[in-house]
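J.: Sequence:
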Amino acid sequence: MKTVMLKTSLGVAIAVASSQLFASGFALNEQSVSGMGTGFAGRSSAADDASTIYGNPAGMSRLKREQVTVGGAAVIAKSDISGRGSNLGGETDGDMVPVVGVPMGYYVKPLDDHWSVGFGVYVPFGLVTDYGSDDAARYWGKKSHVEVVTFQPTISYAFNDKVSIGFGPTINRIKGELGSNTINPFTPGRNDGEVKIKGDDTAVGYNIGVMVQATDRTRLGLTYHSMVDYKLEGKTRVNNPLIGPFSGSKFDAELKIKTPESVDFSVTHELDDQWTLYAGSTWTRWSRLKDITVNNEVPAPLAAQFGTISEEQNWHDTWAHAVGASYKVNKEWTLRTGFTVDQSPTNNQDRSPRIPTGDRKIFSLGAGYSPTDDVTIDVAYSYLWEEDTKVNLASRTKGSYQAKYENSAHGIGASLTYRF
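Numbering (mature numbering (1 follows the signal peptide of the UniProt record, and there is no 0)), first residue to last: -23 to -1, 1 to 397.
Mixed in with the good hints there might be a few duds.
What the hints assert, rightly or not - Below, a list of computed lysine-lysine pairs in the DSSO-like style, where the Cα atoms sit at most 30 Å apart:
(1) LYS173 to LYS235
(2) LYS227 to LYS55
(3) LYS139 to LYS175
(4) LYS41 to LYS233
(5) LYS233 to LYS308
(6) LYS41 to LYS173
(7) LYS235 to LYS120
(8) LYS381 to LYS267
(9) LYS305 to LYS338
(10) LYS152 to LYS120
(11) LYS308 to LYS367
(12) LYS173 to LYS308
(13) LYS55 to LYS235
(14) LYS41 to LYS120
(15) LYS120 to LYS233
(16) LYS41 to LYS235
(17) LYS267 to LYS175
(18) LYS86 to LYS173
(19) LYS212 to LYS41
(20) LYS212 to LYS139
(21) LYS152 to LYS139
(22) LYS208 to LYS305
(23) LYS139 to LYS235
(24) LYS139 to LYS55
(25) LYS86 to LYS120
(26) LYS175 to LYS233
(27) LYS41 to LYS86
(28) LYS267 to LYS308
(29) LYS338 to LYS139
(30) LYS120 to LYS267
(31) LYS173 to LYS120
(32) LYS139 to LYS233
(33) LYS173 to LYS139
(34) LYS267 to LYS305
(35) LYS152 to LYS41
Everything labelled a hint here was simulated from the structure, so no lab data went into it.
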């Protein structure tokens, strides 16, 4: 088997996500619409509905009624691209991120005063970029499209009315595609070829959390989301008229990748019967992404020119910090707001057009409406803006690419919670 280094900013994701989503790297925050309204401050200490299965599984013990929460979020991203582009020509129109949606669903059932069980389906990571065949970035990342769906059966135990713990294994299904153009050495910039790599895998991880009611009005939460180790097995397809009968052929491929572990700590404090304050911090071990290596069976004479995509990553660990507040207007209505600052794991030397992101800030608004004790409808809106970032790459087989990215995004979400 020929070993080909595929060092890319691909990431692990779902098809309904984008590289400008509301968390660092290719992680997603959109696992809870009620949490989205406060900028995900208090994510591991709030336990407002069944979405606590993701935020902190220990929070299920605070839900005294059987309930289901279903919802989704949509993200409208925008990138303004300027600069030199590629020395081989091409457009820089900035529309490489489609409008996308992120679904979620959770179920919680209390068994007695101590035990609760639940089940969640959600999306923990996300990446979709599609530059097109005429874009200047086509040699460095024409398309990145990976799908992940996570299933989490969960159990929690309350030792007393102060301390509870929760645990859930995660079953993660990943399927992905990565594509780039390859240069025709006789007519660079014209009559390009293309290489596509597809693969899939199922891997297991876990989420574990603890929640402490420190005082009558203050609650603390700590959640650990484990690393997940994938080995995608699939095919590499090479299209180029210069390789004759090999053009269009498929070759076995294998890709190993680890999504990072994270730790979330947050505080929820009830000032009075109307105002609640939230604060939280999340650490993510992005330094696991040094590169991505694909082992495939592309014949050695073809691999160097027609079957290789190579990019360094060298990501670093990140912190995200958030503050938020909610105001209970009356029995039916609750209003929310939040503000988040989130580091980017990329660096100026290796940043790729697949994920051309920088440090970001996010402002959020939300509301919860409960027409009856059995039903709550939550809605949220977030606006994200990033610092301007630059991509500056050069390669013997791909030419050069220089561009400045100005990224922003709007996010909207809605969910329904029904209590039995």
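J.: So, against the hints stated earlier in the document, which numbers end up violated here?
T.: 2, 3, 4, 5, 6, 11, 12, 14, 16, 18, 19, 20, 21, 22, 23, 24, 25, 28, 29, 32, 33, 34, 35
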